[in-house]
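Participant: For reference, the chains in residue letters:
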Amino acid sequence: DAEITQSPRHKITETGRQVTLACHQTWNHNNMFWYRQDLGHGLRLIHYSYGVQDTNKGEVSDGYSVSRSNTEDLPLTLESAASSQTSVYFCASRGTATDTQYFGPGTRLTVL
Amino acid sequence: LAKTTQPISMDSYEGQEVNITCSHNNIATNDYITWYQQFPSQGPRFIIQGYKTKVTNEVASLFIPADRKSSTLSLPRVSLSDTAVYYCLATFSGNTPLVFGKGTRLSVIA
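Protein chains in written order, with our numbering: chain A, 1 to 112; chain B, 113 to 222.
I should point out that these hints are in silico values taken from the structure, not numbers from a laboratory.
Any given hint might turn out to be false.
Within a straight-line C-alpha distance of at most 27 Å, the following computed DSSO-like cross-link-like pairs (lysine-lysine) qualify [what the hints assert, rightly or not]:
id, chain 1, residue 1, chain 2, residue 2
1, A, Lys57, B, Lys115
2, B, Lys214, A, Lys11
3, B, Lys214, A, Lys57
4, B, Lys115, B, Lys166
Could you build all of it, start to finish, from the sequences and the hints given here?
Facilitator: Below, the structure is given as structure tokens:
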């Protein structure tokens, strides 16, 4: 069955380190998204991509970057991790505009 | 994208029908209404989507009146396992990212 996976599921890192969170989907979806979720803020969009070589900034993109070299993967990089980036990160993908959007299981990141 | 407004929280006893209302006064002609459900420590998952009138699936029903300024998600005979956060979204038929609000936290009590 097609699926969307994230790794690692849990990560502890130190302030200033570069961290990359992986997202892999086997739906062959063109559209992929990264969100973060914090108490009191709901889900907030970080970056998204509509296809290979396409990336776009969301509402909370500062301090994050993404790259899309193939259809299946959209890794999220924290260039220099900050304590404010401690959060749960969800990756998602969907086919067409009105298709169901599928979410990964999430990555819980703690920056000390 | 149209902004949606929904209650922050609701409580219900097991076996009752739960109706969660969502307001979307400035919904556009091309917007659909879509609901997602999120359990603790999991990503959101799609429940139901509609444009107008009534849509029903194995999980829920969605009622959208003719003026489309509001909609109601109906969960029949809830159980403890329906305890979750429910998000109402106005999803544009064009290819734009989904924007989630804070949702409605439903607590089902035995």
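Participant: State for each hint whether it applies.
Facilitator: Tested hints:
With a C-alpha separation of about 20 Å, the suggested pair A/Lys57 and B/Lys115 falls inside the 27 Å cut-off, and the hint holds. With a CA separation close to 25 Å, the supplied pair B/Lys214 and A/Lys11 stays within the 27 Å bound. Proximity of B/Lys214 to A/Lys57 is assessed by CA-CA distance (about 21 Å); at most 27 Å being required, the pair is judged to hold. Straight-line distance between C-alpha atoms of B/Lys115 and B/Lys166 comes to about 21 Å, which keeps the hinted pair within the 27 Å bound.
Checked against the numbered hints given earlier, the structure satisfies every one of them.
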